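Student: Those protein sequences? They're chains S and G, same order as listed. Sequential numbering from 465 applies to the first sequence in my numbering. Sequential numbering from 182 applies to the second sequence in my numbering.
Note that these hints are calculated values from the structure, not bench results. Honestly, I wouldn't trust all of these hints.
[As the list claims (entries may be wrong)] Chain S stretches covered by chain G per the calculated footprint, using a threshold of three residues with CB under 8 Å from any CB of chain G:
| hint | segment |
| --- | --- |
| 1 | 501-515 |
| 2 | 526-539 |
| 3 | 628-642 |
[To be verified] Here are the simulated lysine to any residue pairs, SDA-like style, with alpha carbons at most 20 Å apart:
| hint | chain 1 | residue 1 | chain 2 | residue 2 |
| --- | --- | --- | --- | --- |
| 4 | S | Lys524 | G | Glu437 |
| 5 | S | Lys524 | G | Gly231 |
| 6 | S | Lys482 | G | Arg232 |
| 7 | S | Lys480 | G | Pro230 |
| 8 | S | Lys524 | G | Val381 |
| 9 | S | Lys482 | G | Gly231 |
| 10 | S | Lys480 | G | Gly231 |
| 11 | S | Lys482 | G | Pro230 |
| 12 | S | Lys524 | S | Ile499 |
| 13 | S | Lys524 | G | Ala380 |
| 14 | S | Lys482 | G | Ser444 |
| 15 | S | Lys633 | G | Leu211 |
| 16 | S | Lys480 | S | Phe538 |
| 17 | S | Lys482 | G | Leu211 |
Here the structure is a predicted model, which means the values were calculated and not measured. Glycine is no exception: its CB is placed at the ideal position from the N, C-alpha and C atoms.
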Amino acid sequence: MSVEGRPLIEQDLIRKAKRGDVEAFEELVRIHQQIAVRVAFLVVGDRDAADDVAQEAFVKAYHALSRFRQESPFRPWLLRIVRNEALNQRRRHGRQERLSLRLANDPVSGGAAPSPETTVIIGADRQAVLDAVNALPTRYRQVVAHRYLLGLSEAETAAALGIPAGTVKSRTARALARLERALSGVIEGLDRE
Amino acid sequence: MPWHVWSGRCPVSLKGWIVNSPLRTVETILADLADHIEWPHAPVLDRVPGRLAESQPEPPRRRRWIPVTATLVVLVAALLVLSPQAREAVADLLGVAGIEIELRPELEEPVGAGLDLGREVAIGDVVESAGFAVSVPALAGEPDAVYLSEDQVNMVWVGGESLPAGGDTGVGLLYTQFPSESGGVRFVKGVGSETTVVAVEVAGASGLWIEGDHVISVEDESGRRIEETLRLAGNVLMWESDDVTHRIETAVGLEETLRIAESVEPIAS
Numbered sequence: 465m466s467v468e469g470r471p472l473i474e475q476d477l478i479r480k481a482k483r484g485d486v487e488a489f490e491e492l493v494r495i496h497q498q499i500a501v502r503v504a505f506l507v508v509g510d511r512d513a514a515d516d517v518a519q520e521a522f523v524k525a526y527h528a529l530s531r532f533r534q535e536s537p538f539r540p541w542l543l544r545i546v547r548n549e550a551l552n553q554r555r556r557h558g559r560q561e562r563l564s565l566r567l568a569n570d571p572v573s574g575g576a577a578p579s580p581e582t583t584v585i586i587g588a589d590r591q592a593v594l595d596a597v598n599a600l601p602t603r604y605r606q607v608v609a610h611r612y613l614l615g616l617s618e619a620e621t622a623a624a625l626g627i628p629a630g631t632v633k634s635r636t637a638r639a640l641a642r643l644e645r646a647l648s649g650v651i652e653g654l655d656r657e
Numbered sequence: 182m183p184w185h186v187w188s189g190r191c192p193v194s195l196k197g198w199i200v201n202s203p204l205r206t207v208e209t210i211l212a213d214l215a216d217h218i219e220w221p222h223a224p225v226l227d228r229v230p231g232r233l234a235e236s237q238p239e240p241p242r243r244r245r246w247i248p249v250t251a252t253l254v255v256l257v258a259a260l261l262v263l264s265p266q267a268r269e270a271v272a273d274l275l276g277v278a279g280i281e282i283e284l285r286p287e288l289e290e291p292v293g294a295g296l297d298l299g300r301e302v303a304i305g306d307v308v309e310s311a312g313f314a315v316s317v318p319a320l321a322g323e324p325d326a327v328y329l330s331e332d333q334v335n336m337v338w339v340g341g342e343s344l345p346a347g348g349d350t351g352v353g354l355l356y357t358q359f360p361s362e363s364g365g366v367r368f369v370k371g372v373g374s375e376t377t378v379v380a381v382e383v384a385g386a387s388g389l390w391i392e393g394d395h396v397i398s399v400e401d402e403s404g405r406r407i408e409e410t411l412r413l414a415g416n417v418l419m420w421e422s423d424d425v426t427h428r429i430e431t432a433v434g435l436e437e438t439l440r441i442a443e444s445v446e447p448i449a450s
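Construct the complete structure from the given sequences, taking the supplied hints into account.
Tutor: So, in structure tokens, the structure goes:
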């Protein structure tokens, strides 16, 4: 499925799903399940719980499809439902946010070739970077995680977190400034090379 | 621990770019990190198909009132160009035909001014000063008036064809929002024999739909008690999402109100 063709195909799937075509909706689930589980994971911090949240959110999205405006983008609408469901689940279990991201043993780049920028820092002490991200205040960490670790656009991050795009922009700028300070030694090391 | 930097040939432009732009470097480092996070493995959403098969999505409902109100709007528009005497005569005539038209003097004060909603403010000012992400339902468009009472933002829209005005207020939609600590809204106590309270979901967030004349008490998870009274003699949808409690009061039904509620989006500051 090409990137250019995707929105048209997606609109078609949504139109069919609205008419009760379960298979069309299942295709939408397949397209968006990974990002949905990851958004849920950022809230509940547990893999199994994130799966449960995403499943529940997809079922709710299916039932709310009649209220989805066909001309608007589907993913932010869906991710908003996922995040709300994740917040509900966390609340039901009386949990506080306790997300602590970890490094994978093997890179999970989704099959894409590493970009030149990525290549430059292969072998770097990523744990230090991750510690700095985990140490950010929640409002900054959430924005950084959605924008850079999930790769969502500013508008998608705003929709998923339920905050204005302007706030995403300002929190991103502040978070990057904090990370730059926290990682100054690392960046200087890069400059010396 | 020292960074181990890739030791192969590095494009000059890339190196210069990194040296000259530290924030860009942080973004580059984050892009690398994204590829190395331990995310949940391939999700197993195997229960979704079974759940979908159990029920169909709610079909969109036809808005049967649109042609009727459109006719009325044309008639009312025709009335406006006639003299007061002629207007009364036509109104009488229409009254005989079974249609009642109320002739109201032009509103001199902003709509909703008599509803004790706080002081009237410009929407731009309230977005700056509210202290939380102020939203607006995109489906309703720009509000006709905005009021601020302590940390509570009240937006009103003039009643019209799609949102009939409640009572003699001239207001078709009242949208209220204020910060809450966290958690959903819950029903505490109520008075009103004709009142129904239904738990609903608004874009996945928990809420309450209160239909019928009522005086009830609702509180959010932080324990903030909201003495809930009707301003427009309409129906009320309340929900809590991302630390903000939202309330919509209108004369239209649940489906249409949910549609409005789910179009709520933050205003860019």
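Student: Against this structure, judge whether each hint is valid.
Tutor: Status of each hint after checking the structure:
1. With 6 residues bearing a CB less than 8 Å from a CB of chain G, the segment 501-515 of chain S meets the requirement of three and the coverage assertion stands.
2. With a cut-off of 8 Å between beta carbons, the segment 526-539 of chain S has 7 residues touching chain G; three or more are needed, and the interface restraint holds.
3. With 6 residues having a Cβ less than 8 Å from any Cβ of chain G, the segment 628-642 of chain S passes the three-residue criterion, so the hint holds.
4. Proximity of lysine 524 of chain S to glutamate 437 of chain G is assessed by CA-CA distance (about 18 Å); at most 20 Å being required, the pair is judged to hold.
5. Between lysine 524 of chain S and glycine 231 of chain G the alpha-carbon distance is near 13 Å, which keeps this suggested pair within the 20 Å criterion.
6. Restraint check for lysine 482 of chain S and arginine 232 of chain G: satisfied, since their Cα atoms lie roughly 16 Å apart, inside the 20 Å limit.
7. Using a Cα cut-off of 20 Å, the hinted pair lysine 480 of chain S and proline 230 of chain G holds, with the two alpha carbons roughly 15 Å apart.
8. A hinted pair counts as satisfied when its Cα atoms are at most 20 Å apart, and lysine 524 of chain S with valine 381 of chain G qualifies at roughly 11 Å.
9. For the suggested pair lysine 482 of chain S and glycine 231 of chain G, the alpha carbons sit about 17 Å apart, so the restraint of at most 20 Å is met.
10. The suggested pairing of lysine 480 of chain S with glycine 231 of chain G holds, with an alpha-carbon distance near 18 Å, which does not exceed 20 Å.
11. Between lysine 482 of chain S and proline 230 of chain G the CA atoms are separated by roughly 15 Å; this keeps the pair inside 20 Å, and the hint holds.
12. Restraint check for lysine 524 of chain S and isoleucine 499 of chain S: satisfied, since their Cα atoms lie roughly 17 Å apart, inside the 20 Å limit.
13. At roughly 14 Å between alpha-carbon atoms, lysine 524 of chain S and alanine 380 of chain G fall within 20 Å of each other, so this suggested pair holds.
14. Proposed proximity of lysine 482 of chain S and serine 444 of chain G is supported: the alpha carbons are some 18 Å apart, at most 20 Å.
15. The hinted pair formed by lysine 633 of chain S and leucine 211 of chain G meets the criterion: a straight-line CA distance of about 16 Å does not exceed 20 Å.
16. With a CA separation close to 14 Å, the supplied pair lysine 480 of chain S and phenylalanine 538 of chain S stays within the 20 Å bound.
17. Of the supplied pair hints, the one linking lysine 482 of chain S and leucine 211 of chain G is violated, its CA atoms being roughly 38 Å apart against a limit of 20 Å.
Violated hint for the displayed structure: number 17, the only one.
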